[in-house]
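Undergrad: Here's the letter readout for the chains.
2 protein chains.
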Amino acid sequence: MFNASVYTARRDTLKKDVGSGLVLFLGNEESSINFKANWYHFRQDSSFLYFFGLSLPGLAAIVDIDHDRTTVFGDELSIDDIVWTGPQPTIAELANRSGVQHTDSLKALVSVLNKALQSGSTIHYLPPYRPENSLKLQHWLGFDQEQIQRGHSVELIKAIVAQRSYKSALEIEEINKAVDITADMHLTAMKLVSEGKKEMEIVGAVQEVAVGAGGQLSYPVILTRNGQILHNHYHGNTLRSGDMVLVDCGAEVATGYAGDMTRTFPVDSQFTERQKTLYELVVKAHTTAVDTLQPDIPFKEVHLTACKTLVEGLKEIGLMKGDAQEAVNAGAHTMFFQCGLGHMMGLDVHDMEDLGEQYVGYTDTMIKSVEFGLKSLRLGKALEPGFVITVEPGIYIIPELIDLWKATNKNAQFINYQALESYRDFGGIRVEEDFVITETGAQLLGKPVAKTAAAVESIRTEATA
Amino acid sequence: MFNASVYTARRDTLKKDVGSGLVLFLGNEESSINFKANWYHFRQDSSFLYFFGLSLPGLAAIVDIDHDRTTVFGDELSIDDIVWTGPQPTIAELANRSGVQHTDSLKALVSVLNKALQSGSTIHYLPPYRPENSLKLQHWLGFDQEQIQRGHSVELIKAIVAQRSYKSALEIEEINKAVDITADMHLTAMKLVSEGKKEMEIVGAVQEVAVGAGGQLSYPVILTRNGQILHNHYHGNTLRSGDMVLVDCGAEVATGYAGDMTRTFPVDSQFTERQKTLYELVVKAHTTAVDTLQPDIPFKEVHLTACKTLVEGLKEIGLMKGDAQEAVNAGAHTMFFQCGLGHMMGLDVHDMEDLGEQYVGYTDTMIKSVEFGLKSLRLGKALEPGFVITVEPGIYIIPELIDLWKATNKNAQFINYQALESYRDFGGIRVEEDFVITETGAQLLGKPVAKTAAAVESIRTEATA
Chain A
1 MFNASVYTAR
11 RDTLKKDVGS
21 GLVLFLGNEE
31 SSINFKANWY
41 HFRQDSSFLY
51 FFGLSLPGLA
61 AIVDIDHDRT
71 TVFGDELSID
81 DIVWTGPQPT
91 IAELANRSGV
101 QHTDSLKALV
111 SVLNKALQSG
121 STIHYLPPYR
131 PENSLKLQHW
141 LGFDQEQIQR
151 GHSVELIKAI
161 VAQRSYKSAL
171 EIEEINKAVD
181 ITADMHLTAM
191 KLVSEGKKEM
201 EIVGAVQEVA
211 VGAGGQLSYP
221 VILTRNGQIL
231 HNHYHGNTLR
241 SGDMVLVDCG
251 AEVATGYAGD
261 MTRTFPVDSQ
271 FTERQKTLYE
281 LVVKAHTTAV
291 DTLQPDIPFK
301 EVHLTACKTL
311 VEGLKEIGLM
321 KGDAQEAVNA
331 GAHTMFFQCG
341 LGHMMGLDVH
351 DMEDLGEQYV
361 GYTDTMIKSV
371 EFGLKSLRLG
381 KALEPGFVIT
391 VEPGIYIIPE
401 LIDLWKATNK
411 NAQFINYQAL
421 ESYRDFGGIR
431 VEEDFVITET
441 GAQLLGKPVA
451 KTAAAVESIR
461 TEATA
Chain B
1 MFNASVYTAR
11 RDTLKKDVGS
21 GLVLFLGNEE
31 SSINFKANWY
41 HFRQDSSFLY
51 FFGLSLPGLA
61 AIVDIDHDRT
71 TVFGDELSID
81 DIVWTGPQPT
91 IAELANRSGV
101 QHTDSLKALV
111 SVLNKALQSG
121 STIHYLPPYR
131 PENSLKLQHW
141 LGFDQEQIQR
151 GHSVELIKAI
161 VAQRSYKSAL
171 EIEEINKAVD
181 ITADMHLTAM
191 KLVSEGKKEM
201 EIVGAVQEVA
211 VGAGGQLSYP
221 VILTRNGQIL
231 HNHYHGNTLR
241 SGDMVLVDCG
251 AEVATGYAGD
261 MTRTFPVDSQ
271 FTERQKTLYE
281 LVVKAHTTAV
291 DTLQPDIPFK
301 EVHLTACKTL
311 VEGLKEIGLM
321 KGDAQEAVNA
331 GAHTMFFQCG
341 LGHMMGLDVH
351 DMEDLGEQYV
361 GYTDTMIKSV
371 EFGLKSLRLG
381 KALEPGFVIT
391 VEPGIYIIPE
401 LIDLWKATNK
411 NAQFINYQAL
421 ESYRDFGGIR
431 VEEDFVITET
441 GAQLLGKPVA
451 KTAAAVESIR
461 TEATA
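Residue numbers (UniProt numbering), protein chains in the order written: chain A, 1 to 465; chain B, 1 to 465.
Read the hints as simulated data drawn from the structure, not as lab findings.
Keep in mind that the hints are not guaranteed to be accurate.
Copies of the same chain look alike in the list, so a pair counts if it works inside one copy or between any two.
With a straight-line cut-off of 20 angstroms between C-alpha atoms, the simulated SDA-like cross-links for lysine to any residue are [claimed, not checked]:
(1) 308 x 329
(2) 308 x 268
(3) 36 x 57
(4) 36 x 233
(5) 198 x 214
(6) 451 x 288
Bound conformation, chain A alone:
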């Protein structure tokens, strides 16, 4: 964690931004796998991390704005616990690391909340994304589940987004560490893949890099010969000559910051001609998008620029036709690129997604679209210095989508369905990197990893020699 003063300053800003009432922060609990005491690795809630930095289960905190009093709540360990966990800091010692002077038991927390409810104070809390925290709110506030879902504080969400969206130098340093480890994960995969290996073998090696560096995965590894399946977590396939492997994985460092990167490369030393053409088109869309990154440009515009670049390239190849801008306006490109160009990244790989995409990626006057394609664009609003974002264009040939659209001749003026048929089993390509928006443009985060077809083929040539 950072120095206590960092957390104190963040809470001071929060108090000003929210204005009044009590802010209730729920820490996460251990998450059970197949029985109570068998746990996934513990992950603290990101907003709790941001304002308190404490990465342990069983904690909650209240920032009482009206009385300017912040308290960390938790229960001390018994000697029985210590036999199993070793000696641990007291709650007061933990709170002190966050710059918090007051601590109390979880029982006392319930009294504080009850008193606040009785006196009519506003209790600000965030939308719970974990069921244990929904249950806590039910017990502590006496609300039913529907009230809990409705009752979260939009003021609190907006105040948190207003801080967490702008990454400080300290945060950028942590994100750079995470992306550096992420880069090593990708280089490991790029070097290890060979014909006959199973996807899972490479997944194991990639995971080792993150864990061995003292981190965790920032999200489940996607490593597949079927890159057209966007969130594919099946790793049972054997890699064959002629396949491409899409690897989308990232590390999270101990402070909680994430990296997020994707590379696509051939199992052989070289792409096939067809693969190379589409690969280079995706890289072109990536580069074009990155070149436009700068303060004030709406990311939706960057997204649509990438889409248009893809359409122009697909026209050259003969998979699309007609006017590129009209095709994008009609959403015809979503046959090939069904998702968004990128998202915020920070303490979460999709930063603050638990707070609501509308609040994080859009504005009061820019509402997130519900159309296929754009509805998966998590970030639409104008970029600002300090935003950390991903840029991840792709081309995905999804047979089920071809069949669905073709049945009604959807966008037939823009899509060459006949040519597309011969690409049915082509697979998918994605190229993704992370950037921080600067005063004048954008800067790549983490060390660079081979990206052009030539650079990728050079690594693969060495790896398969």
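Given the structure of chain A, go ahead and fit chain B onto it with the hints provided.
TA: Only chain B this time, still in chain A's reference frame:
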């Protein structure tokens, strides 16, 4: 998964054993890390796996005993889902793999349950260990959380324990696979450790073995120079000459079966004399315990035999004194061995722990102790052919426990506190293997891994050469 007939037969037995009413099985959901759609690897509930074999989120099932009708409930994917997940089998196809003819939506499940509640049928369900399933029961049955915790079916628990406790040949095959991978994890660690490496580096490599073999960890890896902390998940230490490393880790295979093994070895090529003496004592306690394994012997007796062996050895070393049996009766050995000798293992590393340790490890006439030491013995009852268990004696020198007991001279007639002082920073040793109880004794599961001090030192000598 196994053939459909396996699941059908298990459900038929269950129906007979429970007798009447509806049995409601709740599948697990995806488990969110730091926002809704960022998930830990999915793990199905083990009883759901045992009776249906389906390892996907979003499923539930009802075995209606009175009407002899089993139904799998789940919702089909939309085309939007398929873009992200690829084509998936229908609920009917899934049910078919479990030998189930009837399927319906989750909405229909609620009607079935409401009808059953209105007609006064008993709805048998298991104690929920995941908060999402507590919330489901709240929504579906209209119970409050206290009712839900109280309302689980003891008949159902007993009927499930009566089946899952006895592992079939098919299950033993899967467990052997899991323990073989587990053995490879340990060999990897034993070969990779060297002075100056960080614990986390070895953790990464160990995890790679499990994931690379297409599995997962069956529980979080314990890999530490502080073996005296029983559930130590901190991996930030650097390994130093003179340290011992305690590695407790296991793999879970795709069918869900677990392995569970512990080894303790020196960072140098050889144990120190002091380490070797205590290490050999733990191995002796292990061997003595394993030699007594056979049907009808209460595992509590095996545990106490191991405890007595430890006390006898500790007397020779001068750390304990007095009559060994009396020392064990008084619980004096729990200064060194604070936990239980072992537990059931199967689809869970602590098999069926979610059903309640009293039901799994004890009987109506043998109640689990609440004393320090014995209260951590998860299995006390008589062994039977088909039981799969772990045997894991250890010696743990816990400074906080020394201070606590010494303050009141607790068990001073059995413990040589003066001699113990010089062992304060000794650390901890555990040796653990998995066995299936046969008609005449017990059989080691998985391939053997170096266990005697000599065999361990031989591997370490080669590794550090």
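Undergrad: Each of the hints needs a verdict: does it hold here or not?
TA: To see whether the hints hold, each was checked on the structure:
{"no.": "1", "hint": "308 x 329", "in the structure": "within (9 angstroms within a copy, 79 angstroms between copies)"}
{"no.": "2", "hint": "308 x 268", "in the structure": "neither (30 angstroms within a copy, 61 angstroms between copies)"}
{"no.": "3", "hint": "36 x 57", "in the structure": "both (14 angstroms within a copy, 18 angstroms between copies)"}
{"no.": "4", "hint": "36 x 233", "in the structure": "between (25 angstroms within a copy, 17 angstroms between copies)"}
{"no.": "5", "hint": "198 x 214", "in the structure": "between (26 angstroms within a copy, 9 angstroms between copies)"}
{"no.": "6", "hint": "451 x 288", "in the structure": "within (14 angstroms within a copy, 60 angstroms between copies)"}
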